[in-house]
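Line by line, the protein sequences give chains F and V.
Note that my numbering gives residue 52 to position 52 of the first sequence, counting from 1, and the numbers run on in steps of one.
Note that my numbering gives residue 4 to position 4 of the second sequence, counting from 1, and the numbers run on in steps of one.
Any given hint could be a false lead.
[Claimed, not checked] Quick look at which bits of chain V chain F covers, simulated, 3 or more residues with Cβ under 8 Å: (1) 63 to 77; (2) 87 to 95; (3) 101 to 114; (4) 139 to 146.
[Claimed, not checked] No farther apart than 20 Å at their CA atoms in a straight line, the calculated lysine to aspartate or glutamate pairs in the DMTMM-like style are these: (5) K281(F) to D295(F); (6) K307(F) to D295(F); (7) K109(V) to E101(F); (8) K177(F) to E50(V).
To be clear, the hints were calculated from the coordinates, so they are not data collected in a lab.
Everything numeric in this text was worked out from a predicted model, so none of it was measured.
Just so it is clear, CB atoms sit at the ideal spot from N, CA and C, and this is done for glycine as well.
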Amino acid sequence: MSATANNPSNPTGQLSGTRLLELYQTMVLSRYLDERVWLLNRQGKAAIAASAQGHEATQVACVEATDPSKDHYLIYYRQFAAMMALGTTPEEMLRGFLAKEADPMSAARQFPLHGAHPRVDLFNFSNVIATQLPQAAGVALADKLKGSDAVTVVFFGDGASSQGDTHEAMNFAGVHKLPVIFFCENNRYAISVPIEKQMGVESVASRAIGYGFPGVQVDGTDVAAVHEVTKAAVERARAGEGPTLIEASVERLLPHTTDDDHTRYRSAEDIAQMAERDPVKILSDLLKRRDLLTDDADEEIHAAAKKRVNVATDTVDAEPYPSVDTMFDHVVDSVGGKF
Amino acid sequence: MGEQTVIEAVRATLQSEMRRDDSVIVLGEDVGSRGGVFLATDGLIDEFGENRVIDTPLAESSICGVALGAAVNGLRSIAEIQFADFVWPAINQLVGEASKVRYGTNGVKTAPMTVRIPYGGGVRGGLYHSQSIEVLFSHTPGLSVVAPATPYDAKGLLATAIRTDDPVIVLEHKRTYRLVKGDVPDEDYTIPIGKAEIKRPGTDMTIVTYGLMLHYALQAAEMAAASGIDVEVLDLRTLRPLDADAIAESASRTGKALIVQEDTPAVSISSEVAAIIGERCFFDLDGPITRLGPPELPPMPFSPIQEAAFMPSPEKILAAITKLSEI
Numbered sequence: 001m002s003a004t005a006n007n008p009s010n011p012t013g014q015l016s017g018t019r020l021l022e023l024y025q026t027m028v029l030s031r032y033l034d035e036r037v038w039l040l041n042r043q044g045k046a047a048i049a050a051s052a053q054g055h056e057a058t059q060v061a062c063v064e065a066t067d068p069s070k071d072h073y074l075i076y077y078r079q080f081a082a083m084m085a086l087g088t089t090p091e092e093m094l095r096g097f098l099a100k101e102a103d104p105m106s107a108a109r110q111f112p113l114h115g116a117h118p119r120v121d122l123f124n125f126s127n128v129i130a131t132q133l134p135q136a137a138g139v140a141l142a143d144k145l146k147g148s149d150a151v152t153v154v155f156f157g158d159g160a161s162s163q164g165d166t167h168e169a170m171n172f173a174g175v176h177k178l179p180v181i182f183f184c185e186n187n188r189y190a191i192s193v194p195i196e197k198q199m200g201v202e203s204v205a206s207r208a209i210g211y212g213f214p215g216v217q218v219d220g221t222d223v224a225a226v227h228e229v230t231k232a233a234v235e236r237a238r239a240g241e242g243p244t245l246i247e248a249s250v251e252r253l254l255p256h257t258t259d260d261d262h263t264r265y266r267s268a269e270d271i272a273q274m275a276e277r278d279p280v281k282i283l284s285d286l287l288k289r290r291d292l293l294t295d296d297a298d299e300e301i302h303a304a305a306k307k308r309v310n311v312a313t314d315t316v317d318a319e320p321y322p323s324v325d326t327m328f329d330h331v332v333d334s335v336g337g338k339f
Numbered sequence: 001m002g003e004q005t006v007i008e009a010v011r012a013t014l015q016s017e018m019r020r021d022d023s024v025i026v027l028g029e030d031v032g033s034r035g036g037v038f039l040a041t042d043g044l045i046d047e048f049g050e051n052r053v054i055d056t057p058l059a060e061s062s063i064c065g066v067a068l069g070a071a072v073n074g075l076r077s078i079a080e081i082q083f084a085d086f087v088w089p090a091i092n093q094l095v096g097e098a099s100k101v102r103y104g105t106n107g108v109k110t111a112p113m114t115v116r117i118p119y120g121g122g123v124r125g126g127l128y129h130s131q132s133i134e135v136l137f138s139h140t141p142g143l144s145v146v147a148p149a150t151p152y153d154a155k156g157l158l159a160t161a162i163r164t165d166d167p168v169i170v171l172e173h174k175r176t177y178r179l180v181k182g183d184v185p186d187e188d189y190t191i192p193i194g195k196a197e198i199k200r201p202g203t204d205m206t207i208v209t210y211g212l213m214l215h216y217a218l219q220a221a222e223m224a225a226a227s228g229i230d231v232e233v234l235d236l237r238t239l240r241p242l243d244a245d246a247i248a249e250s251a252s253r254t255g256k257a258l259i260v261q262e263d264t265p266a267v268s269i270s271s272e273v274a275a276i277i278g279e280r281c282f283f284d285l286d287g288p289i290t291r292l293g294p295p296e297l298p299p300m301p302f303s304p305i306q307e308a309a310f311m312p313s314p315e316k317i318l319a320a321i322t323k324l325s326e327i
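One chain only, chain F, in its complex shape:
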C-alpha cells in the first residue's frame, strides 16, 4: 500500500493556526542555530556539523504528532530540528557542537546529536548508518511485551535505506506488528550518491509491501501533511496495528556536512531549484496567505531567533571543556577502565 498525503484545500490540516505559528518559530530558531553552527565550524570552534536545513518542516511536524512524555525517538545525525522540537535548548545544542563539559547528550564524548537526551527518550548510539533501526524494533518489542501504548519513531535517511539492518528491522517489526514508525527523510543524496544509484524502485515507501505494513509518501516541506500522515501512523501503532513506513521528500540545502562540498557532484541548476523548496520560506508564505503572520511579525520572529542564538553562543563559548579525569566516568560496571 502506498499513498500520497496532501490536501491543498486544508493547508493547516489538524493543526490550529496558533500552533502552526509556534512550529514556524521553532523552525526559524532551528535554522538560525543551524547557520550559526556552520559559522562556528568555519571559525574552527565546531569540529563537525551536519545540517538539517531543508529538513525542518518534516522533523517538527513528525514530532508534533507524537507524545514526548512516553514515546521513543531514535534519531540520526541530521535531527537538529527534531531535537529542538523536543525541547532541547539552543545552549544544549551548542554544547554538543562545541564539545563542552555540559553537553547533555554524551558529555562531549561523541559527535553532536549522539548519546542520549536527559529528559526525553531520544537517543542515537552511533555514527554507523541504519544500526538504529533494529534497535528501534527492540525498543518497540519491549513496549509491546510490557503492554505500554508508547510508540517508537526511528528516523533515517535515504542512504540508510540501502543497509541490511533496515531490511532486518522492518522484517522483524512486520512479523511482530510492532508499534514503530520507520521515518525516512529522503533528500535524494547519500553524501554524493544520487537516489537513482541507490535504488531500483521509485520510492523507499514502496518497499513496505515486502514487510506487510503500509508505506506512505509525503511532501516533507508541508508541515500539515507530514503531521497528518504521522498522526495516522501513531494512532495505528497505539492501536496495536503495527508499523508504518513514512517517506518524506525533503531537500538537503547544504552539503552533507561541514567537510563536504556539494558543488563537486550537484549541478548549479539542481542547487538553485532546491532553494525553492526551502520549508521555512514555504511555511512563512503559507502563514501570510492565511493571515496568520504579517511581514512585521515575521521580522520580529527572525530578530528574536537571531538574538536567542547570539545569547546562547556567548554563553556556551565561555563554558569549559570536560576535564581529562571525566574520561573514565561511566565505563561498564564489570570493567572499570582496567584491561
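Let chain F serve as the given structure and place chain V on it in line with the hints.
Using the frame of chain F, we list chain V on its own:
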C-alpha cells in the same frame, strides 16, 4: 546438588533466571518449539510463552540489534547466536553499538543484554561450525566476555551475565555441552566476572587456559603427575577483563607458564596472557613463557584426521609440559 552436563546447567539457569525476573526474554533462531539446535532453550517456550521466548527470522544483526533495543527499554534480553561462525553480521550491533551504550550516553542508558554463543571445534564442524571468535569481543572495551568450562561455572557465570546491567558475551564451548559433567548446587549462586580459578593446584608449572582446553589440560596434568611433574591449572573463566592478578600470582609462584588455547595463537588471548606474565613475573620465571595452540590455519578441517591434527590434545599438552619442565 545434582550432576549435570554443561548444556543442562545452561538450560536450568535460563529457566531459573526467567522465573526469577519477568523482564528476562530469550530470542534467537530456533529457540522456540525446537528448543535451540543444542536444546539450550528446550521447554522454555512451554513455560514462558512466545512473548518471552522468541523465534526470530534468520538474521543475526537484528537478533542482536533487537536484543539491544529491548535492553535499553527495560527488558533483560538473552540473544542466542546459533553458532559462533554466524555471529559476524551482528558484530556491528555488538562491538560497534552495545559496547558503547553506557559510555557513549554518559551513563544515561545501559544495555543489560546477554549474548550466548556456542563456539569451538573438535565436533567435526569444519570451517564454519568450529570457529573460536573470542578475540574480537575480548579486544572491545565495554564488553565483558566469559567462557565457562564446567557446569558449575556455566550456571554461575550465566546468572551473573543476565543480572549485569551491561552487555556480556557468554561463550559456551559446544564440545563441552554433553562431554563435561559436574555437580551443580540447586541453590542460587553467581560467579563474579573477571575472576579466574585454580582448577588444579600444583607447584612446578602453571597452565593458563579456558574452555574445552581446560579439560585437556587437566588430563595432561594427571599424566604429568605420573612423571613427578606437579602442574597447576588456572582456568581463566573470564576473557575480558582478564584476571591479571590470578595469572601473575600463579606464574610467579610456580616459575613456569604454559598457555594453552584452541584459538589460533597470533594476536590472541594467549598473547595477552603472555604479556601480563612478561610484565609482572619476569624476575620470578625460570623458563620461557610458552604457548600451545593450533597451527595458523583457518579453523578447522572437516576431515577427521586433519581435525585431530589441528586441535591441541592432552598428549600435545603433555609434550609441552615435559619440554618446559626440562628447561
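Subject >> 8 Å C-beta criterion, at least three residues: is the segment 63 to 77 of chain V covered by chain F >> reply: Holds, because 13 residues of the segment 63 to 77 of chain V bring their Cβ atoms closer than 8 Å to Cβ atoms of chain F.
**OP:** With a cut-off of 20 Å on the C-alpha distance, tell me whether K281(F) and D295(F) pass.
**Re:** holds, 12 Å
Original post:
Residue count check for the segment 139 to 146 of chain V against chain F: does it reach three with CB-CB under 8 Å?
Top reply: holds (count 4)
Subject >> 20 Å limit on alpha-carbon distance, applied to hinted pair K177(F) and E50(V) >> reply: holds, 14 Å
Subject >> Straight-line alpha-carbon gap K109(V) to E101(F), limit 20 Å >> reply: Holds, at about 18 Å.
**OP:** Quick one: see if chain F covers the segment 101 to 114 of chain V, three-plus residues with Cβ-Cβ under 8 Å.
**Re:** Per the Cβ count (9), the hint holds.
**OP:** Test coverage of the segment 87 to 95 of chain V by chain F using CB-CB distances below 8 Å; three residues minimum.
**Re:** holds (count 3)
**OP:** Take a quick look at whether K307(F) and D295(F) sit within 20 Å of each other, Cα to Cα.
**Re:** Holds, at about 18 Å.
Violated hints are absent here; each numbered hint is respected by the structure.
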